[in-house]
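*Asks:* Residues per chain are reported as follows:
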Amino acid sequence: MKLLYFAWLRGKLGKASEELSPPPGVATVGQLLDWLETLSPAYKAALADRRVVKVAVNLEYVGAEHPVAPGDEVALFPPVTGG
Amino acid sequence: MKLLYFAWLRGKLGKASEELSPPPGVATVGQLLDWLETLSPAYKAALADRRVVKVAVNLEYVGAEHPVAPGDEVALFPPVTGG
Amino acid sequence: MIRVQEADFDIGAELAQLTDGRRDIGGVACFVGLVRDMLRKPEAGEESITAMTLEHYPGMTEKRLAEIEAEARARWPLEGSLIIHRVGRLLPGERIVLVATASSHRQAALESCQFLIDWLKTQAPFWKLEETSSGAHWVAARASDDQAAERWRRS
Amino acid sequence: MIRVQEADFDIGAELAQLTDGRRDIGGVACFVGLVRDMLRKPEAGEESITAMTLEHYPGMTEKRLAEIEAEARARWPLEGSLIIHRVGRLLPGERIVLVATASSHRQAALESCQFLIDWLKTQAPFWKLEETSSGAHWVAARASDDQAAERWRRS
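Chains as they are written, first to last, in this note's numbering: chain A, 1 to 83; chain B, 84 to 166; chain C, 167 to 321; chain D, 322 to 476.
You may find that some hints are simply not true.
Partial pick of chain A residues on the chain D-facing surface, computed with a CB cut under 10 Å [claimed, not checked]:
hint	residue
1	K54
2	Y61
3	E65
Only pairs whose alpha carbons sit at most 30 Å apart, straight line, appear in this in silico DSBU-like list of lysine-lysine [to be verified]:
hint	chain 1	residue 1	chain 2	residue 2
4	A	K2	A	K44
5	B	K95	B	K85
6	D	K384	A	K2
7	C	K229	B	K98
8	C	K229	B	K85
9	A	K12	A	K2
10	A	K15	A	K2
11	C	K229	B	K95
12	B	K137	B	K85
13	B	K98	B	K137
14	D	K384	A	K12
15	A	K15	D	K384
16	B	K85	B	K98
17	A	K54	A	K2
18	B	K127	B	K95
19	B	K137	C	K229
20	A	K54	D	K384
Hints in this document: simulated from the structure, not taken from any laboratory. All C-beta atoms in this analysis are idealised placements derived from N, C-alpha and C, irrespective of residue type, glycine included.
Construct all of the structure, not just a fragment, from the sequences and the given hints.
*Replies:* Written out as C-alpha cells, the structure is:
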C-alpha cells in the first residue's frame, strides 16, 4: 500500500510517501489510521485530531468506513486551502 | 424646458430634443406627458403606454408626481437595455 | 472608475491597472458582456443579429454609473472597481461592457461584480438597437433583468 | 479546461481564448485570486506575509478540478470554462488562480464562476504555506470557505 502525506502531515511525519504493508485486520481507512498511530509517537501526534486529517484512496475523498486494500494509494492531508 | 427623447421614443417623435414651453398648469411629470399627448398624434402614439415611458428630470429618474419647472431638462425614454 | 467609450478595451490591461503594485488585494472578479449573434424571439424562434448599436444619454449615463459604483463601494469593502461601457455600432462577438471589482475578500469581489452588472443593466441609460435580416429593432427590457436587480434592493 | 502550472498566466489572453471567433457568448465571468501581503490572525492582529508556497497532490488535483468543472457544466449552460491554478512559491501581489466561465446567459456565467471558485477552495487538494517574519505556517482552512461551498450543495 502506498501512503502519501501532504502539507503539515508530511512535515510532522518527516516524509512525503512510503510503502507500508498493514496487517490483515486493517480493512478500512479508520483501521488504517488506528494502525498507523501504533507505529511511532510521530504518527500518533500527526493523527491525533482526526477532524483535520482528510483521506483520499486512489485519488477520491473517502470516509473512515471506506475499505483499503494492498494495492491502494492512500493519501493523508489536512483540509485544503487552495484558490 | 428642454425635452430629450431616446431610443424608439426618439424614432416615433422624429427628433432627439426640443425646447418647449408648457402652459402654467403643467407642474408635474404626469401633467407634462398629458400635455405632450395633445400636441400631435405622434406624441399621443409615443406616450400611449406610460409603463414603457421612463422619465428623468435633470439627470435623475423620477415618477409622475415629480415637479417640472421651465429650466428643467426632461428626458423621456424606454426601459434601459444596456450591459 | 467609470468610462463610456466607442473604442474597445483590453481586459488584461484594465484588470492589471486595478491590481498592479497592490499587495492587499485577495481577489478580482470581472464580467464582460459581448454581442451575441442570435436573438431569441418567443414568437418566432431565433433570428440572426448582424449588428447592434448602443445609444445612451450622455451626462446621465456617467452620473448613474458613478452612483452605482459608489453604492457598491458602500456595500462591500472594495480596493478597486471599474465600469467600462461601449457605445456606438458593434458587431457580434464584440465586447460591450466590462465590470471589475477588487477586494481583499473573495466574496466581496464576486458579489459586488454581480451587483454592478445587475444594476447597470436596469438603471444605466443605455439602449440597444439590434439589426437583423428583418430590420432594426429596439431591444425590449427583460423581466429577468429586473428580477436580478431586485434581489439587491434593500428593504 | 484545467491547468496546474508554476508559471504566471495572462488574463487577457486566457479570456480571449474562451471567446475569440465565437459569436454565441453573451457574457464571460472571471475570478482571479492573488497573494495578499497580510495575514489576519485573530489572536495576534496582522502579520506580514513575505511569500506563499502552494503545494498540491499531482494527479488528484487535475482529477478533482476536472470533476468540479464538469459539475459546473452540468448545472449551467456554459459555452466555455477555464481553471488555472499555480503551484510553487509566489510573492505578495502575484496571481494564484484564474477561474472563468462563458455562457450565452449572464447569470449562468456569473453563478458558475462563483461556484467554481467556491468548490475549488474546499475540494481541490492544494495547501498554502505562508512565510512570515515569525516563520512558515500552513494556512488553516476557514469555516467561511466551507459555508460558501455548502450553499452550492444539492439536497
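*Asks:* Work down the list of hints and note, for each, if the structure agrees.
*Replies:* Against the structure, the hints:
1. K54: 8 Å, holds
2. Y61: A:Y61 check passes; min Cβ-Cβ to chain D is 8 Å, inside 10 Å.
3. E65: 20 Å, violated
4. A:K2 - A:K44: Distance ~19 Å between A:K2 and A:K44 Cα, so the pair holds.
5. B:K95 - B:K85: The hint holds at about 18 Å.
6. D:K384 - A:K2: 19 Å, holds
7. C:K229 - B:K98: 24 Å, holds
8. C:K229 - B:K85: This hinted pair holds, its Cα atoms lying about 19 Å apart.
9. A:K12 - A:K2: Within the cut-off at roughly 18 Å; holds.
10. A:K15 - A:K2: 13 Å, holds
11. C:K229 - B:K95: 27 Å, holds
12. B:K137 - B:K85: 16 Å, holds
13. B:K98 - B:K137: The hint holds at about 17 Å.
14. D:K384 - A:K12: Satisfied, since the Cα-Cα distance of roughly 27 Å is no more than 30 Å.
15. A:K15 - D:K384: 24 Å, holds
16. B:K85 - B:K98: 13 Å, holds
17. A:K54 - A:K2: Judged against 30 Å, a Cα distance of about 16 Å means the pair holds.
18. B:K127 - B:K95: 10 Å, holds
19. B:K137 - C:K229: 17 Å, holds
20. A:K54 - D:K384: With Cα atoms ~17 Å apart, A:K54 and D:K384 stay inside 30 Å; holds.
Hint check: a violation occurs at hint 3 only; the rest are consistent with the structure.
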